[in-house]
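Q: Given next are the chains, with one letter for each unit.
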Amino acid sequence: AQTVTQSQPEMSVQEAETVTLSCTYDTSENNYYLFWYKQPPSRQMILVIRQEAYKQQNATENRFSVNFQKAAKSFSLKISDSQLGDTAMYFCAFMKHEGAQKLVFGQGTRLTINP
Amino acid sequence: DVKVTQSSRYLVKRTGEKVFLECVQDMDHENMFWYRQDPGLGLRLIYFSYDVKMKEKGDIPEGYSVSREKKERFSLILESASTNQTSMYLCASSSQGLGYTFGSGTRLTVV
Chain F
1 AQTVTQSQPE MSVQEAETVT LSCTYDTSEN NYYLFWYKQP PSRQMILVIR
51 QEAYKQQNAT ENRFSVNFQK AAKSFSLKIS DSQLGDTAMY FCAFMKHEGA
101 QKLVFGQGTR LTINP
Chain H
1 DVKVTQSSRY LVKRTGEKVF LECVQDMDHE NMFWYRQDPG LGLRLIYFSY
51 DVKMKEKGDI PEGYSVSREK KERFSLILES ASTNQTSMYL CASSSQGLGY
101 TFGSGTRLTV V
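Residue numbers (our numbering), protein chains in the order written: chain F, 1 to 115; chain H, 1 to 111.
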C-alpha cells in the first residue's frame, strides 16, 4: 500500500518570503501522479499542482513549483513570494497511474503567512 | 469548471439516526469519492465508485454505506450515527489521472 508523509504539521513565514513544504511517499509503482492540494479556511480543496512521475521536468504553476526527486520519493512544494492568501492547509497526495483513481493523502501542513 | 455540490454545509444529528450526505457533480465524471477529514489524520477514503451502481470500499468503510443510482449523484449513508463519526466529510469526483474536484465539505456533528 502507498503511504504519504508530511513531516511538518505547521509552518509560519512572513509575507513575500519563500517557503518549502516537504512530502515523502512510499510506493513500489513506477508510474503514478503526485498532487498538492490547498485547503483555505473556507474548506474548499483546491488543486495547486500536479506532477506525472514519468516526466523529469518539475511542474510549475506561477509562484508554485515542485522539487520532484523520484529516486528519493520526495515531492516538495515551493511557494515563492508568499501572500496572505496562501494561508491554508496543504496536502500532498499520491495516485497510481493505473487502476482505481484513489488519492492517498498525507496528514497535511498548516501554513500561515504573516503580514 | 467542474462543480461538485454537497447538499449541506453543517449537520447536527443524534446518535442512532440514519444520516444521508448527498453529493452531485455536473461534468459527467466516472469516479466519485467520499473522504472524511480529521485533524492530524488527513483525508481517509471511505468509499468510492467508478460507475453507476458500482462501489468499492476504501480504507475506513465500517459504519458507512453508499449509493450511486445515477452517474452524477453519490450518496454517503451513516446507518446508525455514532459520536465517533463526528467529522468533516468531503466528496470528490474525477476523470482519469487529472486529480479530483472537491465539494465544499459537510461538517457533521453527532450528539
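Incorrect hints may appear among the rest.
Heads up, simulated BS3-like pairs for lysine-lysine below, C-alpha to C-alpha not over 30 angstroms straight-line [unchecked claim]:
#1 Lys73(F) to Lys57(H)
#2 Lys70(H) to Lys96(F)
#3 Lys102(F) to Lys71(H)
#4 Lys13(H) to Lys96(F)
#5 Lys71(H) to Lys70(F)
#6 Lys78(F) to Lys53(H)
#7 Lys3(H) to Lys71(H)
#8 Lys78(F) to Lys55(F)
#9 Lys102(F) to Lys55(H)
#10 Lys18(H) to Lys3(H)
#11 Lys18(H) to Lys96(F)
#12 Lys53(H) to Lys71(H)
#13 Lys73(F) to Lys18(H)
#14 Lys70(F) to Lys70(H)
#15 Lys55(F) to Lys18(H)
#16 Lys18(H) to Lys57(H)
#17 Lys70(H) to Lys55(F)
#18 Lys71(H) to Lys18(H)
#19 Lys55(H) to Lys96(F)
#20 Lys78(F) to Lys102(F)
#21 Lys18(H) to Lys70(F)
#22 Lys102(F) to Lys53(H)
#23 Lys3(H) to Lys55(F)
Hints in this document: simulated from the structure, not taken from any laboratory.
Q: Indicate, hint by hint, whether the structure satisfies it.
A: Now for the hints, and whether the structure bears them out:
1. Lys73(F) to Lys57(H): 27 angstroms, holds
2. Lys70(H) to Lys96(F): 26 angstroms, holds
3. Lys102(F) to Lys71(H): 18 angstroms, holds
4. Lys13(H) to Lys96(F): Violated, because 36 angstroms separates the two Cα atoms, which is more than 30 angstroms.
5. Lys71(H) to Lys70(F): This hinted pair is violated, its Cα atoms lying about 36 angstroms apart.
6. Lys78(F) to Lys53(H): 41 angstroms, violated
7. Lys3(H) to Lys71(H): 14 angstroms, holds
8. Lys78(F) to Lys55(F): Distance ~18 angstroms between Lys78(F) and Lys55(F) Cα, so the pair holds.
9. Lys102(F) to Lys55(H): Within the cut-off at roughly 13 angstroms; holds.
10. Lys18(H) to Lys3(H): 27 angstroms, holds
11. Lys18(H) to Lys96(F): Violated, at about 34 angstroms.
12. Lys53(H) to Lys71(H): Distance ~9 angstroms between Lys53(H) and Lys71(H) Cα, so the pair holds.
13. Lys73(F) to Lys18(H): 42 angstroms, violated
14. Lys70(F) to Lys70(H): 39 angstroms, violated
15. Lys55(F) to Lys18(H): It is violated: about 47 angstroms lies between the C-alpha atoms, which goes past 30 angstroms.
16. Lys18(H) to Lys57(H): Measuring from Cα to Cα gives roughly 19 angstroms; hence the hint holds.
17. Lys70(H) to Lys55(F): Cα-Cα ~36 angstroms, so violated.
18. Lys71(H) to Lys18(H): 23 angstroms, holds
19. Lys55(H) to Lys96(F): 18 angstroms, holds
20. Lys78(F) to Lys102(F): 25 angstroms, holds
21. Lys18(H) to Lys70(F): 45 angstroms, violated
22. Lys102(F) to Lys53(H): Cα-Cα ~18 angstroms, so holds.
23. Lys3(H) to Lys55(F): 29 angstroms, holds
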